[in-house]
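Novice: With the hints as constraints, model all of the structure from the sequences given.
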Amino acid sequence: MILAAQTQGFLSPTGVEIAFLLVGLATLGAAVMTVTTKQLVHAALWLVVALGGLAVEYLLLTAEFIAWVQVLIYVGSVVVLLLFGLMLTRAPIGRSPDADSGNRPVALAVAGTAAAALVWVVVDAFRTQWIDLDGPAQGSTEVTGSILFRHWVLPFEALSVLLLAALVGAIVLSRKRAGNSETDPEGES
Amino acid sequence: MSPIPGSGLAKGLAVTLRTMTKKTVTAQYPDAQPELPPRTRGVIGLFEENCTVCMLCARECPDWCIYIDSHKETTPPAAPGGRERSRNVLDRFAIDFSLCMYCGICIEVCPFDALFWSPEFEYAETDIRELTHERDKLREWMWTVPAPPALDPAAEEPKEIAAARKSAEKLAAARAASAAPAEPAPGGTAPAEPAPGKATPGEAAPPAGEGGQA
Amino acid sequence: MNDALDVAVRLLIVFAVFLVLPLVIGQTEHKVMAHMQGRLGPMYAGGFHGWAQLVADGVKFAQKEDVVPAGADRRIFQLAPAVALLPYLLVLLVIPIGPSEGAVGQVIDAGIFFVLAVMGVGVLGSLMAGWASANKFSLLGGLRTAAQLLAYELPMLLAAASVAMAAGTVSLPGILNAFEWWWLPWQIVGALVFFTAGLAELQRPPFDMPVADSEIIFGAYTEYTGLRFALFLLAEYAGIVVICGLTTVLFLGGWHGPMGADGLGWFWTLLKTAVLAFVVIWLRVSYPRMREDQLQRLAWTTLIPLALAQIALTGVVKVVI
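Residue numbers (the UniProt record's numbering), protein chains in the order written: chain A, 1 to 189; chain B, 1 to 214; chain C, 1 to 321.
Just to be clear, a hint being listed does not mean it is correct.
Mimicking DSS-like on lysine-lysine, the simulated pairs with C-alpha atoms at most 25 Å apart in a straight line are [said to hold, decoys possible]:
#1 B:K170 / B:K159
#2 B:K11 / C:K31
#3 C:K64 / C:K136
#4 A:K38 / C:K136
#5 B:K23 / C:K31
#6 C:K31 / C:K60
#7 B:K11 / B:K23
#8 B:K22 / C:K31
#9 B:K22 / B:K11
#10 B:K72 / B:K137
Label pairs and their computed distance ranges (CB to CB) [as the list claims (entries may be wrong)]:
#11 B:A155 / C:K60: 55 to 61 Å
#12 B:Y29 / C:V107: 51 to 57 Å
#13 C:K60 / B:G8: 37 to 43 Å
#14 C:F48 / B:A154: 47 to 53 Å
Computed footprint of chain B on chain C, listed as stretches where at least three residues anywhere in the stretch have a Cβ under 8 Å from a Cβ of chain B [claimed, not checked]:
#15 33 to 40
#16 283 to 297
Think of the hints as simulated: they come from the structure by calculation, not from any bench. For each residue, glycine too, the CB sits at the ideal point set by N, CA and C.
Specialist: Okay, structure coming up:
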């Protein structure tokens with residue numbers, strides 16, 4: 001991150017900062033709705049709003065590439081997959097109270113802890129660094145690509161190996177069990 | 001299967017593209033009248049001068065959709081001292097086209113050629129009761145009845161023409177015999193059987209004088 | 001002030017294109033499909049060969065009652081058409097039609113990703129409609145839509161990635177600037193895959209299983225009436241414009257033409273787009289609908305391997321050059 005810390009302050013915020021804050025609030029609200037709504041499909045749709053809000057945040061930080069990939073992968077594919085699964089199994093219109101388990105307090109505690117940890121880590125890592133939004137875009141495709149393939153090649157490749165493993169696992173799980181009984185007992189789920 | 005993969009797909013595309021370049025077959029009906037064959041069963045016309053109120057059509061109608069009212073009139077005897085003639089006068093002749101199934105039996109059974117098929121078909125109404133058409137309307141449709149199609153090349157001639165020709169030939173033969181009493185009468189024509197066609201309806205009298213067929 | 005005016009004018013133009021081009025394509029479809037079937041198509045509306053048929057249809061749709069089924073999820077049901085339609089409007093904003101700066105609504109750095117991402121969102125509208133209608137046929141249509149999207153998004157992305165690799169950029173004008181005529185044979189497989197997958201994503205025949213009228217009435221749109229239904233239809237035709245425009249830009253060289261791009265660039269783009277739109281209609285007339293399993297088989301066993309092969313070819317050629 002390039003620093004331009006001297007002239008910045010919390011007072012007299014710029015337009016982008018105000019927009020960032022408002023979109024952040026909206027995203028947070030959508031996220032809360034996702035986990036509190038009693039209607040399954042509504043939860044998935046609120047998730048769309050939350051993920052879309054996140055993409056807008058990326059855009060405001062000039063990370064265009066990441067923003068569109070966010071929309072493409074999460075809104076366009078993951079949520080569609082989620083909705084597909086919901087429709088295939090059970091997606092009643094209206095409330096589905098039986099979908100609530102009794103783990104609300106535990107879930108709340110876990111979520112709170114995770115959020116606190118993340119916020120603390122991020123705040124501690126960046127402190128008072130400011131991104132210079134006026135200069136050349138720092139999240140453009142070119143910059144992202146060169147950073148990814150110069151400084152972060154090893155994690156990138158490790159991730160791809162992970163995905164490959166997931167792919168192979170999916171094929172193994174979904175393959176029809178032929179007559180041979182040596183496949184693992186839990187099989188397809 | 002086809003030697004080249006995908007040639008079936010290409011063939012499908014070619015068919016549609018070729019069809020696009022050809023002339024369309026759409027009949028633009030209200031703008032252009034359809035060309036109907038002469039025996040089209042559009043509507044039934046009544047040639048009421050020929051009707052003798054014999055009621056055959058009404059009785060044979062499977063749908064009972066023909067309504068006929070009539071009364072008797074007597075006419076004075078033709079010769080003094082003769083019998084009074086009575087004759088049926090048509091008061092009402094109506095066909096309910098909401099019942100009619102266009103079988104054409106009435107036209108077939110009419111012994112006096114008073115009913116005819118007309119290709120006219122544009123008589124839709126908004127009320128079903130208005131589909132019962134009275135005799136003046138049926139008479140008007142007579143004007144739309146086309147002349148019967150020409151006979152087939154080798155067909156027998158209509159019996160009216162055959163009869164007329166026979167009498168004309170007899171007359172000619174008699175004249176010839178009186179002029180030169182030597183030759184016997186000519187061989188004559190084949191015995192005339194009832195021809196399938198009907199007389200030309202547009203002309204009131206049977207076309208006795210016209211030359212027959214080609 | 002000048003900037004604001006410029007932006008407003010651009011938005012206005014894109015919006016006008018968005019409203020006009022789908023209608024033009026719809027009318028072309030009426031006429032071309034009719035003539036391919038030996039018919040004449042609409043002849044009355046507007047007087048000359050029924051040119052105003054779709055305007056008349058629009059008026060009819062606007063007059064109809066907007067019915068929401070009693071058991072439906074009202075808000076989502078009403079929101080769905082907008083979700084289906086808006087993405088195409090956004091995509092149209094970034095498709096360049098000419099070489100100059102002014103010939104594109106908005107230059108976006110990661111153009112390909114923007115386009116593909118936003119188009120994926122449009123399908124969400126169909127899913128929402130299918131679920132919220134409280135109708136089993138609609139739900140089936142929504143399911144089929146989702147399955148189809150999941151299957152065809154991947155080959156589409158891979159084919160687009162091949163072009164991005166060839167050009168070394170993901171920006172749409174950047175790709176066009178790098179375009180050479182020999183890309184055409186080089187990327188032809190990718191072009192076919194992209195176009196086919198795009199058709200499938202639009203649910204156009206022969207990939208219209210999600211709206212198969214003989215079995216599930218009209219899929220996710222069964223319960224819609226009036227203006228909202230018209231919006232779904234508009235989305236379909238706007239989708240044709242977008243897919244054809246994208247194929248033109250990515251694979252056919254956009255504004256490049258045999259007589260040079262000076263001043264005529266927009267013409268070449270529009271011409272290529274129109275030809276592709278004609279092909280879309282042509283395919284609809286020529287082929288019967290594919291079954292659901294055939295759809296999935298085509299995507300996973302044919303298109304994806306082809307797209308991967310195209311990427312490999314692109315990589316090899318790129319390294320050799």
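Novice: Does each hint fit the structure? Answer for all of them.
Specialist: Each hint, compared with the structure:
1. Of the supplied pair hints, the one linking B:K170 and B:K159 holds, its CA atoms being roughly 16 Å apart against a limit of 25 Å.
2. For the proposed pair B:K11 and C:K31, the alpha carbon gap of about 22 Å is at most 25 Å, so the pair holds.
3. A C-alpha spacing of about 24 Å is found between C:K64 and C:K136, which places the hinted pair at or below 25 Å, so the restraint holds.
4. Between A:K38 and C:K136, the direct Cα distance comes to roughly 22 Å. Compliance with the 25 Å bound is thereby established for this hinted pair.
5. Distance check on the hinted pair: B:K23 and C:K31 sit about 13 Å apart at the alpha-carbon level, within 25 Å; holds.
6. Restraint check: the Cα-Cα separation between C:K31 and C:K60 comes to about 20 Å, which is no more than 25 Å; the hinted pair holds.
7. For the hint pairing B:K11 with B:K23, the CA-to-CA distance comes to about 20 Å; that is within 25 Å, so the pair holds.
8. With a C-alpha separation of about 14 Å, the suggested pairing of B:K22 with C:K31 holds against the 25 Å cut-off.
9. Annotation: proposed proximity of B:K22 to B:K11 holds, straight-line Cα distance about 17 Å (limit 25 Å).
10. Taking the CA atoms of B:K72 and B:K137, the gap is near 23 Å; set against the 25 Å cutoff, the hint holds.
11. One distance hint, 55 to 61 Å for the beta-carbon pair B:A155 and C:K60, holds here, with the actual separation near 56 Å.
12. A hinted range of 51 to 57 Å for the beta carbons of B:Y29 and C:V107 is consistent with their spacing of about 54 Å.
13. As the Cβ distance of C:K60 to B:G8 is approximately 39 Å, the hint placing it in 37 to 43 Å holds.
14. For C:F48 and B:A154, the Cβ-Cβ distance of about 52 Å falls inside the hinted range of 47 to 53 Å, so the restraint holds.
15. Counting residues of the region 33 to 40 of chain C whose beta carbon lies closer than 8 Å to any beta carbon of chain B gives 7, which meets the minimum of three for the stated coverage.
16. Look at the region 283 to 297 of chain C against chain B: 4 of its residues bring a Cβ nearer than 8 Å to a Cβ of that chain, three or more, so the hint holds.
Checked against the numbered hints above, the structure violates none of them.
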